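Protein chains: 4
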Amino acid sequence: MHTLTTPSLALPTDLLTRYQHIRQWSEKLCQPLQTEDYVVQPVAFVSPPKWNLAHVSWFFETFVLKPNLPGYQEFNPDFGFFFNSYYESVGQRTLRAHRGNMSRPTTEEVYAYRHYIDSQMLKLLGETTLEAQALAVVELGIQHEQQHQELLLTDLKYILAHNPLFPVYQAGGAAWASAPPTLPAANFLEVGEGLYQMGYKGQDFCFDNEKGVHRVFLPAFRIADRLVSNAEYLEFMAEGGYHDFRHWLSAGWNWVQENKIASPLYWHQQEGEWYQYTLAGLQKVEPQAPVTHISLYEADAYAAWRGKRLPTEFEWEAACQQFNPVVPEAACFLENETYAPRPESRPALFYGNVWQWTNSAYLPYPHYQKAPGALGEYNGKFMMNQMVLRGGSCITPRSHIRATYRNFFHPEERWQFTGIRLAEYC
Amino acid sequence: MHTLTTPSLALPTDLLTRYQHIRQWSEKLCQPLQTEDYVVQPVAFVSPPKWNLAHVSWFFETFVLKPNLPGYQEFNPDFGFFFNSYYESVGQRTLRAHRGNMSRPTTEEVYAYRHYIDSQMLKLLGETTLEAQALAVVELGIQHEQQHQELLLTDLKYILAHNPLFPVYQAGGAAWASAPPTLPAANFLEVGEGLYQMGYKGQDFCFDNEKGVHRVFLPAFRIADRLVSNAEYLEFMAEGGYHDFRHWLSAGWNWVQENKIASPLYWHQQEGEWYQYTLAGLQKVEPQAPVTHISLYEADAYAAWRGKRLPTEFEWEAACQQFNPVVPEAACFLENETYAPRPESRPALFYGNVWQWTNSAYLPYPHYQKAPGALGEYNGKFMMNQMVLRGGSCITPRSHIRATYRNFFHPEERWQFTGIRLAEYC
Amino acid sequence: MHTLTTPSLALPTDLLTRYQHIRQWSEKLCQPLQTEDYVVQPVAFVSPPKWNLAHVSWFFETFVLKPNLPGYQEFNPDFGFFFNSYYESVGQRTLRAHRGNMSRPTTEEVYAYRHYIDSQMLKLLGETTLEAQALAVVELGIQHEQQHQELLLTDLKYILAHNPLFPVYQAGGAAWASAPPTLPAANFLEVGEGLYQMGYKGQDFCFDNEKGVHRVFLPAFRIADRLVSNAEYLEFMAEGGYHDFRHWLSAGWNWVQENKIASPLYWHQQEGEWYQYTLAGLQKVEPQAPVTHISLYEADAYAAWRGKRLPTEFEWEAACQQFNPVVPEAACFLENETYAPRPESRPALFYGNVWQWTNSAYLPYPHYQKAPGALGEYNGKFMMNQMVLRGGSCITPRSHIRATYRNFFHPEERWQFTGIRLAEYC
Amino acid sequence: MHTLTTPSLALPTDLLTRYQHIRQWSEKLCQPLQTEDYVVQPVAFVSPPKWNLAHVSWFFETFVLKPNLPGYQEFNPDFGFFFNSYYESVGQRTLRAHRGNMSRPTTEEVYAYRHYIDSQMLKLLGETTLEAQALAVVELGIQHEQQHQELLLTDLKYILAHNPLFPVYQAGGAAWASAPPTLPAANFLEVGEGLYQMGYKGQDFCFDNEKGVHRVFLPAFRIADRLVSNAEYLEFMAEGGYHDFRHWLSAGWNWVQENKIASPLYWHQQEGEWYQYTLAGLQKVEPQAPVTHISLYEADAYAAWRGKRLPTEFEWEAACQQFNPVVPEAACFLENETYAPRPESRPALFYGNVWQWTNSAYLPYPHYQKAPGALGEYNGKFMMNQMVLRGGSCITPRSHIRATYRNFFHPEERWQFTGIRLAEYC
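Those protein sequence lines, which keep their order, are chains A, B, C and D. Residue numbers for the first sequence follow numbering that gives the first Met the number 0, beginning at 0 and rising by one. Residue numbers for the second sequence follow numbering that gives the first Met the number 0, beginning at 0 and rising by one. Residue numbers for the third sequence follow numbering that gives the first Met the number 0, beginning at 0 and rising by one. Residue numbers for the fourth sequence follow numbering that gives the first Met the number 0, beginning at 0 and rising by one.
FYI, nobody ran anything at the bench for these hints, they're computed from the structure. Fair warning: this is a prediction, and the values are worked out from it, not measured in the lab. Check each hint, because a few of them may be wrong.
Any copy, or any two copies together, can satisfy a pair, since identical chains are not distinguished.
Distance condition first, Cα-Cα at most 25 Å in a straight line; then the derived SDA-like pairs of lysine to any residue [to be verified]:
1. LYS210 x PHE44
2. LYS27 x ALA237
3. LYS65 x GLY375
4. LYS259 x ALA185
5. LYS283 x TYR265
6. LYS369 x GLY211
7. LYS200 x PHE216
8. LYS369 x ARG221
9. LYS283 x LEU164
10. LYS369 x ASP243
11. LYS259 x TYR241
12. LYS200 x ALA111
13. LYS200 x GLN169
14. LYS369 x PHE235
15. LYS200 x ASN378
16. LYS259 x ALA43
17. LYS65 x PRO76
18. LYS259 x ALA96
19. LYS210 x SER25
20. LYS65 x LEU348
21. LYS210 x TYR424
22. LYS259 x VAL89
23. LYS259 x MET382
24. LYS369 x GLY239
25. LYS122 x TRP414
26. LYS210 x GLY193
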């Protein structure tokens with residue numbers, strides 16, 4: 000949760016513009032969908048698109064409109080039950096795995112819900128004066144909706160990828176048609192031993208898990224100036240990487256065996272050639288593009304096989320401070336609308352394309368404090384059994400990312416755009 | 000599978016009329032649905048409505064059009080994979096539990112598929128002369144679609160009943176508003192000891208599992224002249240029926256314990272009052288109406304508690320020969336459009352309202368023969384671990400039922416309209 | 000449960016002799032065991048041998064000694080919890096799957112328990128005069144212990160067979176060393192159409208599920224004069240029987256796929272040769288011996304592949320009445336101490352060697368009545384989802400079997416000595 | 000794995016004496032067992048005692064005797080399959096969950112195996128001169144056997160605790176009979192901000208996961224001078240700690256709900272009083288003794304409820320450097336033979352009694368290197384999804400523990416003697 004006194008926060012009118020802009024992006028992302036695509040949930044960790052669209056609206060209704068807009072009338076009192084994600088404080092909710100069993104409310108009703116919320120938010124932000132704390136929650140709601148834009152696309156990709164028709168979300172040319180035939184070998188950039196400051200110290204929005212600026216001592220290390228490519232990952236596969244336990248963590252090896260894993264998610268081999276499902280349909284694996292949709296176990300095994308390792312989240316942040324003090328323009332994010340990682344256009348680009356697994360467990364920073372009340376459930380309660388990812392992906396909104404941003408998933412999860420940057424000690 | 004030489008089969012033009020009539024009924028039953036209702040599959044044994052609509056069309060395409068219509072072009076070669084149910088002979092298919100993960104083909108595409116099949120069937124039945132064997136498969140396809148009309152409604156009921164909004168399929172008055180305040184006690188009708196002929200011996204359509212007329216010796220018995228009512232079943236519940244192992248089969252008692260069963264499916268207790276979800280929404284349990292949506296385990300436990308038993312399928316058929324030699328007009332079927340069982344309007348009505356569990360395992364009759372080829376998979380391979388039900392329900396098409404009709408489900412299944420008729424030995 | 004007034008029951012002294020004889024057999028069967036063999040339970044349906052030994056004693060303690068021996072002191076009040084099998088009426092009990100987790104009571108304590116029970120039974124049977132009903136329960140206890148002798152050996156076989164050392168229970172020569180090199184083809188014996196009397200009508204002990212003499216009408220049929228041999232079953236395997244869905248019931252085919260079944264239980268292929276674990280260790284499959292340790296699904300698929308079928312339990316009993324009016328001396332039972340089926344020594348031997356799957360569901364006979372009280376749980380509550388087997392096996396005590404004896408297991412179970420006798424209609 | 004060149008390692012004769020001493024302790028710990036206790040495995044993570052006894056011998060056979068003793072003859076070539084734990088490099092092995100299904104080799108054979116290994120080790124250590132690297136592996140084998148002494152007791156406790164008879168391992172008075180009636184409140188000892196050196200830097204044995212001395216920057220913090228007691232934990236329970244999601248990590252809350260957790264492992268409530276199973280049988284919960292057999296989730300929830308937190312492993316090690324520069328004599332270890340934690344006899348005792356959960360994930364130290372070959376599987380491959388524990392418990396051998404020792408378990412595991420020491424930031 001973000002800071003509750005943020006003096007430099009944009010004025011309400013600016014906030015309103017940003018609110019409307021972000022809300023429109025969510026709907027724009029759904030334009031290619033058929034009504035049926037909004038409904039299904041092939042696996043518990045994937046939510047139906049209509050659930051994502053409604054849940055972000057429920058967030059504004061519950062945490063902004065109900066406490067702040069006098070006389071606010073709920074759109075439908077049942078919706079809390081449907082669209083609460085995990086806030087125990089806010090009452091009962093649909094079991095996560097049952098979201099895809101709910102044909103009602105319909106997609107049309109969900110859009111009506113969104114537009115009702117938008118009209119009420121317009122009233123709130125346009126006609127009333129909010130306290131800083133309430134403004135902060137609006138900001139959190141906007142950031143939250145941006146997070147769900149990313150989830151909406153990864154969930155949708157999972158849905159369409161598991162349909163034997165391999166439907167196309169956005170047709171058309173891969174942006175990398177003119178990629179050079181071979182990538183130069185990665186360089187390993189050196190970062191010296193020392194005490195580094197970690198965590199967010201700016202004045203703008205950040206999540207509570209980034210707060211608590213603190214020092215971390217790092218020994219000297221080197222970090223790759225680019226992501227691992229598909230071509231490099233195919234070498235690992237060709238040399239039997241998935242069949243040699245020596246490269247794997249014990250839990251990873253069990254996962255490979257039990258799930259018969261032999262390639263990244265969404266890869267299919269047809270007549271000796273590797274294809275991957277993308278939001279542009281089934282396409283040949285592009286050798287120059289970064290490998291993606293891999294678990295931490297695969298990232299770690301790949302690194303072990305190369306005689307390298309994954310960086311820690313602190314090494315990544317220190318390297319970023321040195322080599323990418325601002326987010327480079329060249330980085331590939333949601334707004335590029337490629338919806339797939341593309342070959343890197345320049346070296347030492349630490350952002351975008353794919354989230355980078357680190358070998359850091361997702362744990363609290365010193366002096367970490369949960370917010371009081373339901374919003375205290377936003378981040379802190381997930382700090383166990385997950386690993387940190389850094390850098391953002393090709394479907395992360397550009398305004399959403401920064402050097403201190405800590406994403407986190409379980410080590411076996413693959414449906415996000417995840418990838419590998421290698422490191423080693425000096 | 001029905002007999003392959005059926006001289007009295009209606010002429011092609013009549014068959015065409017019946018074909019069109021049945022096909023239209025399927026679509027009529029879907030008129031109250033929202034697009035989203037067509038998609039979901041809350042549990043493996045329930046199919047999405049769009050799957051049901053497409054599967055019956057695939058049956059005509061695969062078993063009628065492809066072998067008989069010269070130059071027939073498949074609507075979409077991928078559809079076989081999606082819409083094959085269980086015919087191993089006809090190739091690979093979607094795993095049953097994954098039907099609800101498929102947003103594509105869309106409902107609109109499924110309707111286009113239906114209409115394409117209809118146009119081709121019109122050409123086939125209107126313009127060509129079919130051999131008796133091909134006509135028999137058309138007839139089987141019609142009967143098959145009637146079976147799926149019943150499944151479509153039971154599946155839809157399961158889908159809507161598991162939505163917390165309890166959506167209404169068909170609003171409006173329960174047909175039994177004028178039911179008498181109390182039912183007279185059931186009479187037990189006597190049937191004498193003797194050899195009875197079982198199985199279908201007419202000239203019209205029947206399924207292969209009814210064929211093989213044979214004699215069965217029955218000791219004298221008595222059978223109730225009406226179904227067990229909700230009021231009677233509530234007595235069983237009130238006396239702790241669900242909590243006393245002595246009434247239950249061992250497998251039934253395990254099922255009750257593991258699933259915490261304490262009432263029929265779709266029943267909810269609110270402030271001391273019992274409600275049940277019906278296709279008209281959540282309604283008070285009607286005491287006079289037959290109890291329904293119960294497993295064989297519940298039926299058997301109820302009977303044991305009453306000091307009675309379930310009839311065998313042969314006793315039921317013998318009683319029917321004696322008391323209902325033709326299907327009575329008063330029986331409640333799909334065409335009554337009540338979509339719920341209603342209090343019985345007269346005694347000794349052996350048909351309609353709810354399927355009656357028998358204590359007969361679903362096993363082959365003497366001289367049973369599977370049809371050759373894929374249609375041999377229609378019935379025979381399911382003859383294990385299932386129990387026979389007789390009589391048809393309030394959503395069975397009237398023209399589909401007869402005294403020899405053998406329905407079958409596993410003893411724990413409850414989403415069909417299932418009920419109880421008691422019996423005892425003399 | 001047997002009849003409660005059995006005038007011809009042996010006098011107490013005779014009963015005592017039989018009691019002692021049977022009890023000694025149970026212990027004799029355990030002589031080859033190591034202490035550790037008494038403890039383990041590799042799968043829920045297998046009980047540790049020490050559990051079997053104690054449970055049969057608990058039966059005498061609970062149903063005979065406590066109600067009938069004045070001043071009887073329980074050996075240990077905790078033992079009821081450990082050694083009750085499934086009698087809900089008699090209180091709480093160890094979960095079946097946890098029997099193998101109990102290192103205490105030790106084997107030595109279990110033997111002490113047995114000997115205490117024996118001393119008390121000696122007092123009861125030797126010094127008191129029992130009512131007919133109590134005598135009947137003693138008889139039931141003896142029959143019950145005989146059933147558990149068979150279970151003890153099948154459970155032990157399962158335990159040892161799953162140990163990579165393949166320990167030997169009883170070493171030494173297969174009894175069939177001199178079997179002829181090839182078996183003559185089976186003859187199919189004809190049994191005429193007619194009404195047959197089924198069920199037990201003698202004066203001696205029988206189980207409640209055999210009672211209720213009743214008539215069954217059978218069409219004419221033929222039944223094989225011998226069991227299916229391993230050589231014949233190997234033909235089925237060689238012709239791809241396990242890989243062709245057309246031979247299989249739907250539930251059977253799912254079972255084959257999910258469990259990757261490709262041979263009878265306990266078979267291992269080494270360098271192209273088939274071996275089977277026997278109580279004499281791992282041995283080559285003997286072609287002439289009856290195939291055993293197969294599920295009903297395999298029996299049914301084999302029959303379908305041969306163009307035959309399994310008999311019903313009534314056909315088997317009618318054939319027995321005709322061809323084996325008394326149990327032949329040549330039949331192979333427990334007392335032969337082969338502990339494995341052997342090639343049949345003469346044709347038309349309907350008993351012994353392996354239990355024969357029938358295509359009859361285990362359901363009550365007309366007028367079936369459960370006994371009152373806990374012993375009413377002996378049989379009746381299991382009458383669902385199981386199939387009947389007839390004839391007894393090489394480890395069934397000879398005095399335990401008769402023409403009307405109905406054994407029953409679930410169709411997928413294989414750890415009993417189960418086999419195949421074919422039938423067909425005339 | 001320890002360093003491969005350890006010049007100060009004891010001479011072979013000393014090593015032999017230590018070898019024999021440790022080996023005898025393992026057998027001494029088993030003296031109270033019945034043969035049956037050696038066999039059972041109530042849950043996959045618990046190994047049968049005979050497996051533990053044999054596995055540590057297999058370790059010496061595989062990694063010491065086979066490579067180093069010329070002409071060494073394996074005791075039994077099958078034993079590798081039985082007694083390999085997780086070394087993929089060393090070939091196939093029994094599935095972990097099946098260890099308890101193996102009645103053979105018997106306990107007697109396992110002891111014969113041990114004594115054979117001992118005789119061969121005597122020959123090796125007494126008669127040959129080993130290279131430093133081989134000596135290091137002997138040392139590792141000794142340390143490994145000490146680890147398994149602790150596991151043997153925790154596994155045995157789990158086995159006996161799940162037996163309704165609650166068998167006594169070692170009878171007799173709790174050592175804390177004279178504990179003071181109330182404990183003074185814990186003091187929080189302050190440790191200043193700064194760079195601390197972590198990891199093992201001595202000359203003696205340590206595990207590979209402790210190597211790599213490195214600096215860690217710590218903010219100032221306070222750490223409790225004693226463990227959380229049962230009395231304090233009972234307050235948490237009394238105030239509904241197990242029923243209030245706000246104290247719990249999300250994964251912890253799911254674990255509580257799914258497993259219906261409402262007290263530490265081995266606790267039973269009888270007539271309002273709490274009892275716990277101990278190796279001395281079922282006893283009243285001693286209020287002054289440290290709470291034990293809790294998961295990290297419980298430890299974390301307790302700390303959150305108190306407004307404190309768990310220390311990191313680095314904070315623990317820094318505090319230990321300051322307050323317990325050597326392991327205090329007063330600490331309670333295996334050699335005290337209490338087999339249960341006892342009330343702390345003095346403040347600021349960081350060692351013994353119960354392992355202390357830290358909020359540090361088990362991850363590699365900088366420059367961590369796995370050993371080459373099979374022994375590289377000793378530690379490194381487990382560095383995922385586990386949390387670090389520090390300090391040793393009442394059943395840890397005293398010579399086995401040190402400030403840098405990193406134990407690790409999954410956050411839900413409770414069968415080790417685990418407990419809580421609180422911390423907070425200054």
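Task: Within, between, both or neither, where LYS122 and TRP414 count as close if Cα-Cα is 25 Å or less - done: neither (38 Å within a copy, 48 Å between copies)
- [ ] First find the shortest C-alpha distance between LYS210 and PHE44 inside one copy, then the shortest across copies, and answer within, between, both or neither for a cut-off of 25 Å.
- [x] neither (28 Å within a copy, 39 Å between copies)
Task: Alpha-carbon proximity context of LYS369 and GLY239, limit 25 Å - done: between (45 Å within a copy, 21 Å between copies)
Task: Intra/inter-copy verdict for LYS200 and ALA111 if alpha-carbon distance must be at most 25 Å - done: The answer is neither: 39 Å in one copy and 59 Å across copies each exceed 25 Å.
Open item on the list: As a check of your reading, is LYS210 near SER25 (CA-CA no more than 25 Å) within one copy, between copies, both or neither?
Closed with: neither (28 Å within a copy, 50 Å between copies)
Open item on the list: Cα distance capped at 25 Å. Does LYS369 pair with PHE235 within a copy, between copies, both, or neither?
Closed with: between (42 Å within a copy, 20 Å between copies)
Task: LYS259 and TYR241: within-copy, between-copy, both or neither at 25 Å Cα - done: Intra 9 Å, inter 24 Å, cutoff 25 Å: intra and inter.
TODO: Go through the copies and call it for LYS259 and ALA43: within, between, both or neither, with a Cα cutoff of 25 Å.
DONE: both (20 Å within a copy, 22 Å between copies)
TODO: Could you place LYS283 and TYR265 in one of the four classes (within, between, both, neither) given a Cα distance threshold of 25 Å?
DONE: This pair counts as within: shortest intra-copy Cα distance 11 Å, inter-copy 47 Å.
- [ ] Go through the copies and call it for LYS210 and TYR424: within, between, both or neither, with a Cα cutoff of 25 Å.
- [x] between (28 Å within a copy, 15 Å between copies)
Task: Homo-oligomer pair classification [ALA185, LYS259; C-alpha up to 25 Å] - done: neither (31 Å within a copy, 46 Å between copies)
Task: Homomeric proximity label, LYS283 with LEU164: Cα distance no greater than 25 Å - done: Cα proximity of LYS283 and LEU164: one copy only (16 Å, versus 45 Å across).
In this structure, the hints that do not hold are numbers 1, 2, 4, 12, 13, 19, 20 and 25, in rising order.
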